[in-house]
Each structure stands twice: as C-alpha cells, then as structure tokens.
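Visitor: Read off the chains here:
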Amino acid sequence: MIEIDRTACRAHGVCAGLFPEAVTLDEWGYPIIGEFASRRDERTVAAACPALALHLTRRKPEPDRSASDRSSA
Amino acid sequence: MTPRQGTLSGAVAAAGLGGRGGGGFPAARKLDAARSSHARLIVNACDGEIGAAKDRWVLDHRTAELQHGIDLIRAWSGGLPPLLAIHASSLRAGDPDHPTFTPARRAALDELAAAGTDVLTVPDRYVASEASAIAAAAAGADARPVHHSRPLTQRRRLGEPAITTGRDRGRVTVPPTLVLNAETVWRIAQIAEHGPEWFRSLGTPSAPGPQLFSVAWNGIVSVFDSTAGVRLTELLAGAGAPVSNTSIGGLGGVWANPTEAAAAVLSPEGLARLGGIPEAGAGPTVRCGRPPSGVGSGAITVLPPDRCPVSKIAAWLRYAARQSARQCGPCMFGLDSLASHWSGLSTGDTTLPRLQTLLAEIDGRGACGFPDGVAAMTRSALRAFPDEIARHHRGRCAAEAAAPARAIFHEARP
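As given, the protein sequences belong to chains A and B, one line each in that order. Going by my numbering, 48 is the number at position 48 of the first sequence; the sequence numbering is gapless. Going by my numbering, 1047 is the number at position 47 of the second sequence; the sequence numbering is gapless.
Some clues are possibly wrong.
[Unchecked claim] Simulated coverage check for chain B against chain A, where a stretch passes if three residues somewhere in it have a Cβ under 8 Å from a Cβ of chain A:
| # | region |
| --- | --- |
| 1 | 1134 to 1147 |
| 2 | 1365 to 1373 |
[Said to hold, decoys possible] The following residues of chain B were derived to be distant from chain A, with all beta-carbon distances above 12 Å:
| # | residue |
| --- | --- |
| 3 | 1006 |
| 4 | 1194 |
| 5 | 1387 |
What the hints contain is simulated information worked out from the structure, not anything from laboratory work. Keep in mind that this is a model prediction, so the values were computed, not measured. Glycine included, every Cβ here is placed at the ideal spot set by N, Cα and C.
Using the sequences and the hints, build the whole thing.
Guide: Here is the structure:
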C-alpha cells in the first residue's frame, strides 16, 4: 500500500502523470490515490515523488488513522 | 494489549471513559500504549473549540484533582516530566475572547508547576491544540499537526521515535507522547478515587460517566457538570438561553434548528441524528457514518433567535479557513473554497451538488481531523437549515426578516 504524507505533498502531480490509472488529481492538483497494479509500481511512484510525500506501507492505512489523536482541538 | 484488572488502565477501561477533548477515543487504550512506550503526558487545557471553557474550569477549579490525575498517569507510564498545554491567550489579561487571566488561574498554574507540571504555551490558532500539533510543539517544532500513520503514543519499533516532522520544517523527532484533555485527566483521578462502578452509574451505556458542557450565550460561557444523555433544553435553561438555532461541538460539531434543539439529547446516538445526510458516491473520497463516539467537546453555542444561521455559518467557515495550518492542500484550498461556496449557495452562484463535491474532496484528506470536522459541520448545517438557505436564495432571510425593526443609524438632532 501507499501512504501519503499530506503535509509534505506539494501537488507536483508526478504520481498522476506516471500512473493515471491509479492516481487522479483533485481540483487543486492534490492526488487521490487508488489501487496500484503491483508493489513495483508503488515503489516507482514513491521514488518519483519530488516532495518525498509517498511512503510504502506493509498494511492498509487504517481509515481512522488519527482517531486516537483526534482529541481536543 | 488487554487492560489488566487492578491497574489504572484496567479501572479506566472498566469505567468506559472516552476522551473528553472531542474524539471520544477510549482513554484506557491510550494509557496502555503510553505505558509500553513510556510516553510523555501532555494535558490539553486549550479549549480550542468555539464556545468551549470547560478545560480552563478544570484547571482553575479542580487543580488538586487534576494534579492527582497527572501523578497517577505519570506513575503508570513513566516518561518525561508532564506538561500542561494552553493557548497563549489563556495567559493574557483582558483578552475579549477569553476569560481574564485571573488570580485563580495564576494560583492553579503555580500549584501545578510546584508539583512538576510546566506550561506549554501554544499559539491561538485552532489546530495548534490538535494532539499531534501539541506533541510537535513540545518537541521544539511549530505547533502544527504532523503526519503520523500510527498513534502518537506508539513507537514504530522499540527505541525509535514516534514521528519525524516534515522536511521543510527541519527534522524534529517527536517522542512518544500521550495527549489527554484536561477533563479526561480529572475523570481518571475520579475513577481512581470512586471506582468504575460509580462512573458507570452515570451517563449512558455508550457514553458513561459525568461530563462537562459549556454553553456560550449572550457573551457569557456557562460550564455544566452533567452527563451524556442530558437534554439540550436543560442546559439552555440553565444558561438562561432560548431554544434557538444551536451549534453542538463548534467547528467540529453539528447544528440543530429550534425544532431539533427542543428534542435534542446529548448522547452519541442523539448527536448522530443531527449529522449530515450521507450522500453515496458524491465525490472521489466518501467517508461517512463514522460510528458515534462520545458527545464531542461539549461546547455549545446558541444563536439569538434573530441571528441568521446561514450568515453565522458563513462567518464560521471563513474563520475555519483562516485557522488552517496551511500544510495540506485539500484543507488549505478546500476550506477557503468551502467558505465562498457556502455564501455562493445564498447568492445562487453555487449549486448544492457542487458544494457536496467540494465537501467530499475535503473530507479525510488532511493530516489531522480538522477539515473532516468542518466538512461534517457543514453537512449538518445543510440538513438543519434547508429552508433558510432557500430563502437566502430568494433574497429574503427568515430569521432577520422576523426580527423587530432595528434602526441602523442614529443621529443627534439639535
């Protein structure tokens, strides 16, 4: 799986350019990441990101990844 | 990890305490993770939510019990000396938006400092009091949320720091940190004192225990020590407020119109009914139906009956856009866009489907939960105020049209 560090992403769009079938861009140019065909593609896209915002993870990111830290704005 | 009986986390788990900062995450699970990583405790007393005042009440008026809770948690998890996080404005005298820096607050901070808990001042920005932003501030970085795929309380592997903050802010590693809301720490002390059975005897099965609520009305914030399951109307009566358009939970909460406010019950189930209408497939990322956990931050804001909710929400959305930490694109651009599209809904420059697409583009796409909360609040407002929005579209606002005539200009005549 690919995980995106949204604080690092600068909307270069390289990921969507390389893998249009897996990545689409929102109206501001930030990626919406879907499924990659292979682990190799994931490695390629992570290495290609100019902002180093894409990270390979072994597991699916939890949908409530920040729920435990959602306390207290 | 299963909480063991007879331990602090065992008692907190048996009590069913959910975090009182807004997320409602099980406190015992945080305590267990903090013990295995020797996480540093940071007590969050920021009251960052609009209309919130309860954390400062705990700080000022339950200081000894708060310190007792801090001691219990420190003994449980070890770690660096604890800190108390507050907004910079909570230390300033005479700030119009916050109660004055009273002698009681000074005394409370002195008492905590004497027991080894120092103050961590964070900027007044809304997201500066988000847990990962506080943990970053304690580590010497900007008080802005950091990306973390695992809980702040955990190490990746033994001996490794929890998080490294983003490149353009320099490499600062954030050690394992346990951020707990001030009320949560106070409740932990109460559970240790009175037992989980006492705690469970109050509140509702899904949100047990006593619970603080703040009600902001007419320039005054009243704090109530109540429980989940209380009727909104009881708190409104106690605060001397009318049953009117009401925000429950501020920027990260929900809206109720007067009919809903009259019937609203402040429980996870009651608040879930006031959420937005989940629209399937409205946009690229749809996350809805998050299971109800707790009753949020308990911060309630009542609008005067002649105050238009549509224009009030427009002001809140503009405020939200300014409060973004401006790190994640969908938050930085999305909230600005959301504020202008909300106003556009009234002028006819935007359609509802366009607004819903925008909400889906914002939802779940930040490093912290702030944009998700604002999106959920907006959806709830769309559900609560369809008539007001439609009347705005026709150029006539019901709330303000119904108000008695008010002079807008006075000039003294000789």
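Visitor: Report holds if the minimum CB distance from residue 1006(B) to chain A is greater than 12 Å, and violated otherwise.
Guide: Non-interface label stands for residue 1006(B): nearest chain A Cβ at 24 Å, farther than 12 Å.
Visitor: Given that the region 1365 to 1373 of chain B was listed as covered by chain A, double-check it with a C-beta distance under 8 Å for 3 or more residues.
Guide: Check passed, 7 qualifying residues.
Visitor: Could you let me know if the closest chain A CB is still more than 12 Å away from the CB of residue 1387(B)?
Guide: holds, 30 Å
Visitor: Test the statement that residue 1194(B) is away from the interface with chain A: the closest C-beta pair must be farther apart than 12 Å.
Guide: holds, 23 Å
Visitor: Is the coverage entry for the region 1134 to 1147 of chain B by chain A consistent with the three-residue Cβ rule at 8 Å?
Guide: holds (count 4)
Violated hints are absent here; each numbered hint is respected by the structure.
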